[in-house]
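Each chain, letter by letter, is given below.
Number of protein chains: 2
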Amino acid sequence: MSGEMFGDEVDIKARLRAAEVMYKKFHRLISDVIKGRPPKLEIPKRTLSNTIFDPERGILVIGEEKLEREFLNVGESRRFMQTLLMASIIYQSLIENEYPTIRDLYYKGKHTIVYRDYSGRKREENTWDEQKESDSVIQDIEVYTGLFREDMLILSKEKGKVVGNMRIRSGGDVIDLSKLGHGAYAIEPTPDLIEFLDVDAEFVLVVEKDAVFQQLHRAGFWKKYKALLVTGSGQPDRATRRFVRRLHEELKLPVYIITDSDPYGWYIYSVYKVGSITLSYESERLATPKAKFLGVQMTDIFGYRGKKPYLSEAERKKFMIKATDKDIKRAKELLNYSWIGKNRRWNVEIRLFLKHLVKLEIEAIASKGLKFFAYQYIPEKIETGDWID
Amino acid sequence: MSGEMFGDEVDIKARLRAAEVMYKKFHRLISDVIKGRPPKLEIPKRTLSNTIFDPERGILVIGEEKLEREFLNVGESRRFMQTLLMASIIYQSLIENEYPTIRDLYYKGKHTIVYRDYSGRKREENTWDEQKESDSVIQDIEVYTGLFREDMLILSKEKGKVVGNMRIRSGGDVIDLSKLGHGAYAIEPTPDLIEFLDVDAEFVLVVEKDAVFQQLHRAGFWKKYKALLVTGSGQPDRATRRFVRRLHEELKLPVYIITDSDPYGWYIYSVYKVGSITLSYESERLATPKAKFLGVQMTDIFGYRGKKPYLSEAERKKFMIKATDKDIKRAKELLNYSWIGKNRRWNVEIRLFLKHLVKLEIEAIASKGLKFFAYQYIPEKIETGDWID
Numbered sequence: 001m002s003g004e005m006f007g008d009e010v011d012i013k014a015r016l017r018a019a020e021v022m023y024k025k026f027h028r029l030i031s032d033v034i035k036g037r038p039p040k041l042e043i044p045k046r047t048l049s050n051t052i053f054d055p056e057r058g059i060l061v062i063g064e065e066k067l068e069r070e071f072l073n074v075g076e077s078r079r080f081m082q083t084l085l086m087a088s089i090i091y092q093s094l095i096e097n098e099y100p101t102i103r104d105l106y107y108k109g110k111h112t113i114v115y116r117d118y119s120g121r122k123r124e125e126n127t128w129d130e131q132k133e134s135d136s137v138i139q140d141i142e143v144y145t146g147l148f149r150e151d152m153l154i155l156s157k158e159k160g161k162v163v164g165n166m167r168i169r170s171g172g173d174v175i176d177l178s179k180l181g182h183g184a185y186a187i188e189p190t191p192d193l194i195e196f197l198d199v200d201a202e203f204v205l206v207v208e209k210d211a212v213f214q215q216l217h218r219a220g221f222w223k224k225y226k227a228l229l230v231t232g233s234g235q236p237d238r239a240t241r242r243f244v245r246r247l248h249e250e251l252k253l254p255v256y257i258i259t260d261s262d263p264y265g266w267y268i269y270s271v272y273k274v275g276s277i278t279l280s281y282e283s284e285r286l287a288t289p290k291a292k293f294l295g296v297q298m299t300d301i302f303g304y305r306g307k308k309p310y311l312s313e314a315e316r317k318k319f320m321i322k323a324t325d326k327d328i329k330r331a332k333e334l335l336n337y338s339w340i341g342k343n344r345r346w347n348v349e350i351r352l353f354l355k356h357l358v359k360l361e362i363e364a365i366a367s368k369g370l371k372f373f374a375y376q377y378i379p380e381k382i383e384t385g386d387w388i389d
Numbered sequence: 001m002s003g004e005m006f007g008d009e010v011d012i013k014a015r016l017r018a019a020e021v022m023y024k025k026f027h028r029l030i031s032d033v034i035k036g037r038p039p040k041l042e043i044p045k046r047t048l049s050n051t052i053f054d055p056e057r058g059i060l061v062i063g064e065e066k067l068e069r070e071f072l073n074v075g076e077s078r079r080f081m082q083t084l085l086m087a088s089i090i091y092q093s094l095i096e097n098e099y100p101t102i103r104d105l106y107y108k109g110k111h112t113i114v115y116r117d118y119s120g121r122k123r124e125e126n127t128w129d130e131q132k133e134s135d136s137v138i139q140d141i142e143v144y145t146g147l148f149r150e151d152m153l154i155l156s157k158e159k160g161k162v163v164g165n166m167r168i169r170s171g172g173d174v175i176d177l178s179k180l181g182h183g184a185y186a187i188e189p190t191p192d193l194i195e196f197l198d199v200d201a202e203f204v205l206v207v208e209k210d211a212v213f214q215q216l217h218r219a220g221f222w223k224k225y226k227a228l229l230v231t232g233s234g235q236p237d238r239a240t241r242r243f244v245r246r247l248h249e250e251l252k253l254p255v256y257i258i259t260d261s262d263p264y265g266w267y268i269y270s271v272y273k274v275g276s277i278t279l280s281y282e283s284e285r286l287a288t289p290k291a292k293f294l295g296v297q298m299t300d301i302f303g304y305r306g307k308k309p310y311l312s313e314a315e316r317k318k319f320m321i322k323a324t325d326k327d328i329k330r331a332k333e334l335l336n337y338s339w340i341g342k343n344r345r346w347n348v349e350i351r352l353f354l355k356h357l358v359k360l361e362i363e364a365i366a367s368k369g370l371k372f373f374a375y376q377y378i379p380e381k382i383e384t385g386d387w388i389d
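For the protein sequence lines, the chains are B and P, in the order given.
The first sequence begins at 1 in the UniProt record's numbering and counts up one residue at a time.
The second sequence begins at 1 in the UniProt record's numbering and counts up one residue at a time.
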C-alpha cells in the first residue's frame, strides 16, 4: 500500500478483503477483452418490480432479474463506463488507504470528457452531473460485487447510539458500553468491524427519538431491566440498522422498537424490520425481521376489546394531534405492504388511526412521568407480550 | 424526594441546586402577596433591540431592559400565569426526579381552563396551544432565574461527538476519549456536569460535518496532532457549544472550526463563536468568542494576494457549486454583523464569494485525498496561522 499508513489492523484487513473481491469481479472484463468478447457486466436489477418480499425470511430481497451493461452498446456504454470509473476509484481508495464518503466519490469521478464524434465534431460529456447518478452507480457496484459500501471502507454521517451491559472491541480498543456516564457510544460507520466481547442483557430496546433515549438512559432503564438501549435518532442509518441486526442475530436477543404512534413512526419500524423499499438489496444484512413493535400503539391509547388504555380520556385529549392528509395517505399505503396489511394487529392499529384520525407521540406516555414510562409501561408490555410482530 | 430514586449523585446535587434557586426566585411572589403588593415578575427582555454585541467579550449578550409581568394586569396576567405554571412544573420535575424534555413540559402544562367571565358566561382558555408558546415561557424562566434548562435537568436530543486524548468523569464513570475504537463519545445533554480529569491535547478541532469527523477520526488525525476532535453535525446544539466553550475556557485550548465555504457554514461558525442571534442570553455560557475559522476559506480555493490556492483551476472547477439567490442574500446579511463586517479578512472572504458566486464544500479539499486534508491542509493552516479570528 502506498502513502503513509493510517487506520488500524482491522481496517487494513477489511481493505484487503474488499480489494480482492473487487479485483476478482472486475478482472473478468479483462478476460473478455483478451478472448475477443465484448466486455459486459451482469448486474442484479434494483427496480421495484425486482423487489420481492420473502415471507419465509420476513425481509425484502432483490429478485432474480439481471440487467446487462455492454460496452459496445450505445444505450449501455455510458453506464458501463460510469460503473468502471467508480469501481476503479473505489479500488484505488482501498489500496491507497483512503476513507472516502459517497460525496467524495462523486467529486473524485466528476470530470468532463472531450471527444470527437463520428463526423469529427468536438463534443463534451460529463462523467456524471448529480450525486444521485454516482450514488446509483455505487449501488450497482454493491449488488454486483456483493460488497456493501461499508465493506469498501466508504464512510458516512452517523446518528446511532448505544448504551448497555456489553463490551465490544472496535479498532483495537475495548469499550465498556456500561461505563459511559450520561453520554453514549456513537456507533461507527462500519459496524461489521465491531467485535462483540461479552454481554449481560436480555433484550434490545430501540427508541426512535434521541431525546427519549437520553431520558431512559438517565433513568437507568438499561441497568434495571438488563437492556441494550439503542437509538437511530429518527429514520435510522445503515450502521444503526446493521448494528441492531447483529445484536439480534449473533446474541439471540429479542429486539423491541418504540416509535411515535403515527405513519412516520410505523415506517421507521418497518425500515428496521424489513428494510427500505427502494434499497431492498440491503435488507439481507440490515433488516431485523423479528423486531417487535412495542409501542406506542393506538390500543395503548384507546384500548381495544379486553385491553385497558394507558391514558384516560382527559389525558389522551391533551396529547392527540390531528392527522394530516399526508398521514392518512401514508397509513393507507402501509396497509398495502403485505407484512402489515396481512397482520391482524397492524390492521387494528391502522384502522384505529383511520377511525380517530389522530396521532400520538412517545411523549404522550413519557409525559405521564418517566417512572411510569420506564418502570411500568415498557416492562409491562414486554412481560405481557403486548407487542406487534 | 418522592418516588423511586434514579439518577446518580451528580444529578441529585444538580437538582437540589436548581430547586433552591427556583424556590428563592419565585418565593418573592408569595412575599408580595403577603405584604399586599400585586405579584409581579421582572424579566430581562429577550427582544432583538435588547440584544447587544459586546465587543470586549466578543459575544452577544442580553441588555439592561426588563419587562414586567404583573398578575393584576389584563394584558400581562396570561403570560404571568403561564410563567408560574411552567415554573411549578419544572420545580415539581426537579424534586420528583424527572428528566423532562421541552416537549414533555409543553404536554404536561397543556390543559383547558374553564371559567366564567364578568357577565357570568362560561368560557374556556388553553394554557398554551403551540409548543412555541411554552418554549418561550421556558426561556423567560431561564433568564429570570439565571438557570439554563440543562441546569434544571431538562433533557434534549443531542448530536455532538468527541474523541481525543482526554479523560472525563460523567455520572460517576471515568471515560477515556482516546479508547473508543472507530466510534466516538456522544456528548450528554448536561455538559456542565462533566468533569475534565486530564488532557493531553494542544487544540480543539471542530468540524461541521459528521462524515468528515468520521474520516479525520479514522485517519488518526487527533492522535498525530494531539487534537480533541469534535463535531456538532451541522447546526450545533447547545450541549456541543457548551462543551467546546468549556474546553476552551477551562483547558485554555485554542479552538479551530472547519465548515463548508458558504453562508450556511459561516453562520455555523458564527453560532459557535458569538451565539445565535435569537437566543443571545445563552451566549454568555455557550459561545466561544476566540474560536477561529480555519476553513474552508475562499482564499484557499482562489488564492489571494500572496496566498497560493490549494486547488488548481481545473480542480476547483470540479468542486464549484453555483450560489443561489438565498446564499447571496445571507452572505450580504452576514456583512451586517459587526463581528464579520468589520473584520478585514471576513470582508475578503465574502467579497470573493460575491465576486465568483460559487460555494465549496469541505469535501472539495477532502477529495484531494484524506492524507492531503488531514496531514497537510489542516496542520499547515494551523502552523502558519492561516485562520480568520
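A couple of the hints might just be wrong.
No copy is singled out in the list; a pair is fine if it fits within one copy or between any two copies.
DSS-like mimics (lysine-lysine), calculated; alpha carbons at most 27 Å apart, straight line [stated by the list, open to error]:
1) Lys-122 to Lys-66
2) Lys-326 to Lys-132
3) Lys-13 to Lys-110
4) Lys-307 to Lys-252
5) Lys-342 to Lys-179
6) Lys-226 to Lys-24
7) Lys-307 to Lys-45
8) Lys-326 to Lys-25
9) Lys-317 to Lys-110
10) Lys-381 to Lys-342
11) Lys-290 to Lys-179
12) Lys-159 to Lys-179
13) Lys-322 to Lys-132
These are calculated hints, taken from the structure and not from any lab test.
Evaluated hints:
no., hint, result
1, Lys-122 to Lys-66, "neither (35 Å within a copy, 71 Å between copies)"
2, Lys-326 to Lys-132, "both (26 Å within a copy, 23 Å between copies)"
3, Lys-13 to Lys-110, "neither (29 Å within a copy, 56 Å between copies)"
4, Lys-307 to Lys-252, "neither (30 Å within a copy, 59 Å between copies)"
5, Lys-342 to Lys-179, "neither (43 Å within a copy, 47 Å between copies)"
6, Lys-226 to Lys-24, "neither (45 Å within a copy, 40 Å between copies)"
7, Lys-307 to Lys-45, "neither (46 Å within a copy, 50 Å between copies)"
8, Lys-326 to Lys-25, "neither (44 Å within a copy, 46 Å between copies)"
9, Lys-317 to Lys-110, "between (55 Å within a copy, 10 Å between copies)"
10, Lys-381 to Lys-342, "within (23 Å within a copy, 60 Å between copies)"
11, Lys-290 to Lys-179, "neither (29 Å within a copy, 33 Å between copies)"
12, Lys-159 to Lys-179, "both (20 Å within a copy, 20 Å between copies)"
13, Lys-322 to Lys-132, "between (35 Å within a copy, 18 Å between copies)"
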